[in-house]
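Based on the sequences and whatever the hints tell you, model everything.
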Amino acid sequence: MRRLVFLGFAFAFLFGLFMTPVLSAKPTDIPEEDGIYDEPGHPGVKVRVFVHRERPAKPSTPPTLVCELTDPSSPAIVGKEAWKLPSTWTYNLNPSSVPASVGSGSLQTIAANGFNDWQSASGNKVHFARGSDTTVSRQAYDGVNVVTWGRTSGSALGVTYIRYNGTTGEALDVDTIMNSKFTWSWSNSVSCAYSSTYDAENIMTHELGHWLGLTDEYDAANYQNATMYGYGAKGEVKKVTLTTGDSAGAFAIYNP
Numbered sequence: 001m002r003r004l005v006f007l008g009f010a011f012a013f014l015f016g017l018f019m020t021p022v023l024s025a026k027p028t029d030i031p032e033e034d035g036i037y038d039e040p041g042h043p044g045v046k047v048r049v050f051v052h053r054e055r056p057a058k059p060s061t062p063p064t065l066v067c068e069l070t071d072p073s074s075p076a077i078v079g080k081e082a083w084k085l086p087s088t089w090t091y092n093l094n095p096s097s098v099p100a101s102v103g104s105g106s107l108q109t110i111a112a113n114g115f116n117d118w119q120s121a122s123g124n125k126v127h128f129a130r131g132s133d134t135t136v137s138r139q140a141y142d143g144v145n146v147v148t149w150g151r152t153s154g155s156a157l158g159v160t161y162i163r164y165n166g167t168t169g170e171a172l173d174v175d176t177i178m179n180s181k182f183t184w185s186w187s188n189s190v191s192c193a194y195s196s197t198y199d200a201e202n203i204m205t206h207e208l209g210h211w212l213g214l215t216d217e218y219d220a221a222n223y224q225n226a227t228m229y230g231y232g233a234k235g236e237v238k239k240v241t242l243t244t245g246d247s248a249g250a251f252a253i254y255n256p
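When the letters of the sequence shown are read in order and numbered with the UniProt record's numbering, they come out as residues 1 to 256.
Note that these hints are calculated values from the structure, not bench results.
Heads up, a few of these hints could be off.
[Unchecked claim] Computed Cβ-Cβ distance ranges for the label pairs, DEER-style:
#1 Thr135 with Asn255: 33 to 41 Å
#2 Gly79 with Asn116: 21 to 29 Å
#3 Ser73 with Tyr218: 15 to 23 Å
Glycine included, every Cβ here is placed at the ideal spot set by N, Cα and C.
Following this line, the structure appears as structure tokens:
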């Protein structure tokens with residue numbers, strides 16, 4: 001995993017006592033700013049939002065395919081957050097949102113690659129199932145676990161919202177929004193990447209790690225090669241493959 005440019009990522013925590021929540025299809029207007037907010041229409045429910053910003057980048061150049069990129073592993077075990085997924089979790093894709101530079105038909109493969117890797121890392125204790133496609137492009141507490149491109153704050157590469165029961169730790173709703181304001185590509189490779197663009201699978205694999213309950217790691221000395229390292233880079237694909245520490249972190253959550 002390569003050069004630094006900040007991996008924008010956010011995730012939201014839901015603290016609530018609802019055993020059977022009443023869901024709403026209407027997107028909730030949760031600010032994309034660090035903080036704790038009330039979930040509209042759900043008394044007692046809180047949403048914790050973390051937003052990580054992009055670091056200033058070098059002037060862009062036309063993208064070229066660069067190969068023979070290294071992908072060192074790391075034994076540093078990634079830390080966990082407060083939730084976990086049930087044994088089966090359904091996700092919903094929004095192919096119509098995908099940038100032309102990536103291709104709407106590619107989303108199925110990109111997402112499946114990431115989910116399959118994390119499913120394996122959990123010791124197959126979590127099974128990810130693809131549900132029906134959606135046109136939803138915003139986060140909402142609606143029971144639709146969406147993976148989409150859409151509008152996010154200008155400096156966030158990706159925003160992931162995790163809503164969960166604060167008493168049981170059960171995940172209730174997860175949404176990942178990839179920022180359509182950035183230039184994206186997909187090399188479909190673990191050793192080649194297009195320069196001056198963000199590789200869709202590279203960033204998405206990182207975001208999907210949060211679905212399982214993994215945190216961001218910022219200690220460069222130990223985690224800069226990990227998928228869950230909190231910085232991303234243009235021309236980077238090293239997050240596509242999990243390090244031993246990434247896998248160990250996921251395994252520990254589901255195999256205590």
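Quiz prompt | Unsatisfied constraints (hint numbers, rising) | solution = Failing hints: none at all.
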